[in-house]
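Asker: Okay, here's what each chain looks like letter by letter:
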Amino acid sequence: GESVGLHLPTLSVQEGDNSIINCAYSNSASDYFIWYKQESGKGPQFIIDIRSNMDKRQGQRVTVLLNKTVKHLSLQIAATQPGDSAVYFCAEIGSSNTGKLIFGQGTTLQVKP
Amino acid sequence: DAGVTQSPTHLIKTRGQQVTLRCSPKSGHDTVSWYQQALGQGPQFIFQYYEEEERQRGNFPDRFSGHQFPNYSSELNVNALLLGDSALYLCASSLDGFSYNEQFFGPGTRLTVL
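So the sequences go chain by chain: A and B.
Per the working numbering, the very first residue in the first sequence carries number 1; after that it's consecutive.
Per the working numbering, the very first residue in the second sequence carries number 1; after that it's consecutive.
Hints may be right or wrong, so weigh each one.
Claimed, not checked - Derived EDC-like pairs: lysine to aspartate or glutamate, alpha-carbon spacing no greater than 20 angstroms straight-line: (1) A:Lys56 with A:Asp31; (2) A:Lys42 with B:Glu51; (3) A:Lys112 with A:Glu39; (4) A:Lys71 with A:Glu39; (5) A:Lys56 with B:Glu51; (6) A:Lys68 with A:Asp55.
Hints are computed from structural coordinates only; laboratory data are not their basis.
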């Protein structure tokens, strides 16, 4: 069936360190992936996206890597800050016609001061 | 410019009751998608509305229905509530619903069924 999964439920890092959050997806035909950040009491917030014709994309302090061979995504956050503490979801587009998103279970990132 | 807004923020219902949740999309957006997020889980797609019609539906029973109005706002209705319907209901808006157009999420409505 459709599924996008994350490897670890919780990641704890020291402020200033780099964070890496991993995600595995099951549909080899997926061509668009998105990382979302969800803070407590809020809806998911877009962080960065990547299409299947790329293997790396960089934003401000964030980098997404895509390995289509093993169907694996990762989100790297440089110099992690307390404000980065949240739940992070990877999502794939389940339908190119409507943009239906298929989310993984989420990884909680805890940043220790 | 207001983003996606949802009402109410919180709601408590009992089993068997019916509930209506509301969503106003981001200015300029014409497509609304609804998601259910159980505690500790990722959001699950319920359905999407575009041009006042349901365009795609996820794996949810007919107890879940919706509507989109001419001003693009949307309602989610759930009949015969079950305990398992307790969740955060998220609304996301986008332009045309095209897959590569960014979807903006509202803060959600927290529904508790007792």
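Asker: Hints first: check each against the structure and report whether it holds.
Answerer: Taking the hints in turn, this is what the structure says about them:
For the hint pairing A:Lys56 with A:Asp31, the CA-to-CA distance comes to about 14 angstroms; that is within 20 angstroms, so the pair holds. Taking the CA atoms of A:Lys42 and B:Glu51, the gap is about 27 angstroms. The hint is violated against a cut of 20 angstroms. Distance check on the hinted pair: A:Lys112 and A:Glu39 sit about 16 angstroms apart at the alpha-carbon level, within 20 angstroms; holds. For the hint linking A:Lys71 to A:Glu39, the alpha-carbon distance of about 27 angstroms lies beyond 20 angstroms, and the restraint is violated.
With a CA separation close to 36 angstroms, the supplied pair A:Lys56 and B:Glu51 exceeds the 20 angstroms bound. Under the criterion of a C-alpha separation no larger than 20 angstroms, the hint pairing A:Lys68 with A:Asp55 is consistent with the structure, at around 8 angstroms.
Violated hints, in rising order: 2, 4 and 5; the structure is consistent with all others.
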